[in-house]
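Q: Please model the entire structure based on the sequences and the hints provided.
Positions 522 to 720 (our numbering) are the ones given, in order, by the sequence shown.
Possibly wrong hints are sitting among the right ones.
Unchecked claim - Computed spacing ranges between beta-carbons, pair by pair:
id	residue 1	residue 2	range
1	543	663	32 to 38 Å
2	596	523	33 to 39 Å
3	524	611	20 to 26 Å
4	711	540	37 to 43 Å
5	524	644	22 to 28 Å
6	714	584	21 to 27 Å
7	566	631	42 to 48 Å
8	645	557	17 to 23 Å
9	614	686	30 to 36 Å
10	560	584	15 to 21 Å
11	629	596	24 to 30 Å
Read the hints as simulated data drawn from the structure, not as lab findings. Owing to the predicted nature of the structure, the values given are computational and were not obtained by experimental measurement. Yeah, the Cβ is synthetic: ideal placement off N, Cα and C, and Gly gets one too.
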Amino acid sequence: MVSVRDVPESWPVEASTDLHRDAWVLALRSDRVRRPGDHDEEAFRRLVVEHPGAAVVLAIDEQDRVLCIRQYRHAAQARLLELPAGVIDHPGEDPEQVARRELREEAAFRAERWTHLLSTYSSPGYSAEKIHYYLAEGLAPTDRGDFVLEHEEADLEQLWVPFDELVDAVLSGAVADGPVVQVVLALQVRRERERTQGR
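A: In structure tokens:
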């Protein structure tokens, strides 16, 4: 029987050079990698975007509406419909705690119930970023603490979208933010399986 799972593995790196590194969240390096084993091959170059990971929150209220934000993204040249999310600030930080913090800071809400839905690599061909997705329920307004919205966040729009409408928007391509697509479809599949198994 085939094992349907990812397998940890690390190939030898002969040399590594920083191409960009500063105080911001991302770094870019160039690695010279060699395929393990007895192969008559030269080492090859791979660019790696270092990223500490992130957490995304699918916050749903009692009316089955999703708390969304619309935010300008310069690289995409678009104002995208997204979900509250943020970067893991410190090595070893619990992703659920990051999710809780981001829901409070970006949207001024807290949640009573948290469910981990999935964790995925964004683009493992060149990035180490791993995103952790959480369902947040039992929502209540709260304050942002001492967090101040700046830059793109200072211009974000908050809106409530019925979950079924968000599924339709994802399937039609009207909403194209990768994390939104992944977590919305994951919850849709989970709900359908629960309904099927409940019969």
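Q: Just pull the numbers of the violated hints for me, sorted ascending.
A: Hints 3 and 10 are the ones this structure does not satisfy, whereas the remaining hints hold.
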